[in-house]
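Novice: Sequence:
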Amino acid sequence: MSLLLNQPSKLCLGKPVLVRSSPLGSDSFSSSLQQTPPCAIISVSPCPYADEIGNLNIKNANERSVTHVDRALSCPLKHFRFGILGTIGSAHGWVATLLEDGRVRLQDDLNPAASYTDPKHICLPPLVTLPYCQTQLVTNVSMSSSSPEEEDCVVAIKFFGPQLSLCRPAAQSNSEWINIRISNPCFFSSRVMFSKRDGMFHIPGSGGHLIGSWDLGEHKDHPKIQMLRFHNLAELTMSKLEILHSCSTSEHLVESQTTGETFLIKWCRKTTRSMLDMPKMKTEALMVFKLDEEGNAFYTEDIGDLVIFLSRAEPFFPPRWLSRPEPV
Numbered sequence: 001m002s003l004l005l006n007q008p009s010k011l012c013l014g015k016p017v018l019v020r021s022s023p024l025g026s027d028s029f030s031s032s033l034q035q036t037p038p039c040a041i042i043s044v045s046p047c048p049y050a051d052e053i054g055n056l057n058i059k060n061a062n063e064r065s066v067t068h069v070d071r072a073l074s075c076p077l078k079h080f081r082f083g084i085l086g087t088i089g090s091a092h093g094w095v096a097t098l099l100e101d102g103r104v105r106l107q108d109d110l111n112p113a114a115s116y117t118d119p120k121h122i123c124l125p126p127l128v129t130l131p132y133c134q135t136q137l138v139t140n141v142s143m144s145s146s147s148p149e150e151e152d153c154v155v156a157i158k159f160f161g162p163q164l165s166l167c168r169p170a171a172q173s174n175s176e177w178i179n180i181r182i183s184n185p186c187f188f189s190s191r192v193m194f195s196k197r198d199g200m201f202h203i204p205g206s207g208g209h210l211i212g213s214w215d216l217g218e219h220k221d222h223p224k225i226q227m228l229r230f231h232n233l234a235e236l237t238m239s240k241l242e243i244l245h246s247c248s249t250s251e252h253l254v255e256s257q258t259t260g261e262t263f264l265i266k267w268c269r270k271t272t273r274s275m276l277d278m279p280k281m282k283t284e285a286l287m288v289f290k291l292d293e294e295g296n297a298f299y300t301e302d303i304g305d306l307v308i309f310l311s312r313a314e315p316f317f318p319p320r321w322l323s324r325p326e327p328v
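In this note's numbering, the protein residues as written are 1 to 328.
These are calculated hints, taken from the structure and not from any lab test.
Where hints are given, some of them may not hold.
Claimed, not checked - Think about it this way: if two alpha-carbon atoms lie no more than 25 angstroms apart in a straight line, the pair counts; the simulated PhoX-like pairs of lysine-lysine are:
| id | residue 1 | residue 2 |
| --- | --- | --- |
| 1 | LYS240 | LYS196 |
| 2 | LYS266 | LYS224 |
| 3 | LYS196 | LYS220 |
| 4 | LYS270 | LYS280 |
| 5 | LYS224 | LYS280 |
| 6 | LYS240 | LYS224 |
| 7 | LYS196 | LYS290 |
| 8 | LYS266 | LYS280 |
| 9 | LYS240 | LYS270 |
| 10 | LYS196 | LYS282 |
| 11 | LYS282 | LYS270 |
| 12 | LYS280 | LYS240 |
| 13 | LYS240 | LYS282 |
| 14 | LYS240 | LYS266 |
| 15 | LYS224 | LYS196 |
| 16 | LYS240 | LYS220 |
Claimed, not checked - Pair by pair, the computed Cβ-Cβ distance ranges are:
| id | residue 1 | residue 2 | range |
| --- | --- | --- | --- |
| 17 | PRO126 | GLU151 | 29 to 39 angstroms |
| 18 | HIS209 | PHE160 | 34 to 44 angstroms |
| 19 | ARG197 | PHE160 | 24 to 34 angstroms |
| 20 | LEU244 | ASP302 | 12 to 22 angstroms |
Even for Gly, the Cβ is constructed at its ideal location relative to N, Cα and C.
Make a model of the complete structure from these sequences and hints.
Specialist: Here it is as C-alpha cells:
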C-alpha cells in the first residue's frame, strides 16, 4: 500500500483520499528526487531471453500511465520472487535486501533513475542479533543522507521488537553494526525516520504520545524521549473519533527538507475483503498533526501546498516542482 497526501485545502477523513495500492510499490518506492519524480514499482516481470534482466512496470507520481523499463538485476529475478533474497525496505531510492548469510545489501538497480549499465551494490556486515531479539522481520529502513556512499551516511534498520541497528557504510573495512536495545515496548512495532534538523533518528511510540531519538553519540545508550501534547482535538467530530478508536492505526513521522516542519500522521485502516475474497487493509482516515520543538502536536486539516508520500518505505516530501501529482 502506498499513500499520497496532496491537500492544498482540506484533509478529508472517512474516505481514502488519493489512495492506491500496488503489489510491490510499497517496498520498492524510489525517492531519488534530484531530477526524477517519485515513483512506485508496480511489478517486476521476467525477460524471456535473459534471467538477469527484469522488466519494471513503473508508475511516476506526475503521470497517469505505467512505464515499462528493462533493468539489469543484481541476481536472477526468481530470487526476488521466492524470497531467497528478501527485500526489507528502501530509502532515497536505495533498496535494502537481506542475504542468506545475514548481510544487508544496498542496491540501486531497481531505481529507474540509476545507471542501467553500472548498477551500484553496497554490502553491509552481517547482522548481529541481540539476545531475545530477532533480525528477520523489519519495520523499515532509513538513511541519514541520500546516498550510502557519502562519508557521514548512517543506515538504520528498525526490527520488530527491541532492536535498532545503525551502520556507517562508508567506513569500509571498519564498518560494523551498532546494535541498540530499546527498553520501552511502545517503540517495538514503530518505524524509524531520520531528522536532518535534529541530526537524529526518531521513532514514534505506538499511539503517537512519545517520540524516541537515537544517534551514534551520547544518545546511543540513553535516548532522548519527548512526550507530545495534542491540541485542537475539539475539531474532531464524533464520527472521526469512532474511526480512530475502531481502526488499526500506525504512526508515521515525516520532515520537510525545505521548511523544516515535522508532521505526525496517524494512518487508520480496517481489514476488508477484495473481489478475490482476500483480506486487505483499507484506509478509513488520515489524521495529521504538525509538531513543534516543544512537543506540541497541533491537529490540522490544512497542510498548505505540501505533498507527502507515505508507504511502508521511508515517508518523504517530494520537491515543490511536482505541483500536481497523480495517485500511485
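Novice: Could you run down the list of hints and mark each one as holding or not?
Specialist: Structure-based check of each hint:
The straight-line distance between the Cα atoms of LYS240 and LYS196 is roughly 33 angstroms, outside the 25 angstroms bound, and the hint therefore fails. Simply put, LYS266 and LYS224 have alpha-carbon atoms about 22 angstroms apart, close enough for the 25 angstroms limit, and the pair holds. Between LYS196 and LYS220, the direct Cα distance comes to roughly 17 angstroms. Compliance with the 25 angstroms bound is thereby established for this hinted pair. Restraint check for LYS270 and LYS280: satisfied, since their Cα atoms lie roughly 8 angstroms apart, inside the 25 angstroms limit.
Pair hint LYS224 plus LYS280 does not hold up; C-alpha atoms about 36 angstroms apart against a cutoff of 25 angstroms. Between LYS240 and LYS224 the alpha-carbon distance is near 32 angstroms, which puts this suggested pair outside the 25 angstroms criterion. As the CA atoms of LYS196 and LYS290 are separated by approximately 17 angstroms, the hinted pair is consistent with the 25 angstroms bound. Proposed proximity of LYS266 and LYS280 is supported: the alpha carbons are some 18 angstroms apart, at most 25 angstroms.
The suggested pairing of LYS240 with LYS270 holds, with an alpha-carbon distance near 14 angstroms, which does not exceed 25 angstroms. For the proposed pair LYS196 and LYS282, the alpha carbon gap of about 32 angstroms is over 25 angstroms, so the pair is violated. Pair hint LYS282 plus LYS270 holds up; C-alpha atoms about 5 angstroms apart against a cutoff of 25 angstroms. Restraint check for LYS280 and LYS240: the C-alpha separation of about 21 angstroms stays at or below 25 angstroms, so the hint holds.
With a C-alpha separation of about 16 angstroms, the suggested pairing of LYS240 with LYS282 holds against the 25 angstroms cut-off. For the hint pairing LYS240 with LYS266, the CA-to-CA distance comes to about 12 angstroms; that is within 25 angstroms, so the pair holds. Between LYS224 and LYS196 the alpha-carbon distance is near 16 angstroms, which keeps this suggested pair within the 25 angstroms criterion. Of the supplied pair hints, the one linking LYS240 and LYS220 is violated, its CA atoms being roughly 38 angstroms apart against a limit of 25 angstroms.
For the pair PRO126 and GLU151, the supplied restraint of 29 to 39 angstroms is violated, since their beta-carbon distance comes to about 23 angstroms. Distance hint check for HIS209 and PHE160: the Cβ-Cβ separation is about 20 angstroms, which falls outside the suggested range of 34 to 44 angstroms. The hinted range of 24 to 34 angstroms is satisfied by ARG197 and PHE160, whose Cβ atoms lie roughly 27 angstroms apart. Hint check: LEU244 to ASP302, Cβ distance near 19 angstroms, so the stated range 12 to 22 angstroms holds.
Of the numbered hints listed earlier, those contradicted by the structure are 1, 5, 6, 10, 16, 17 and 18.
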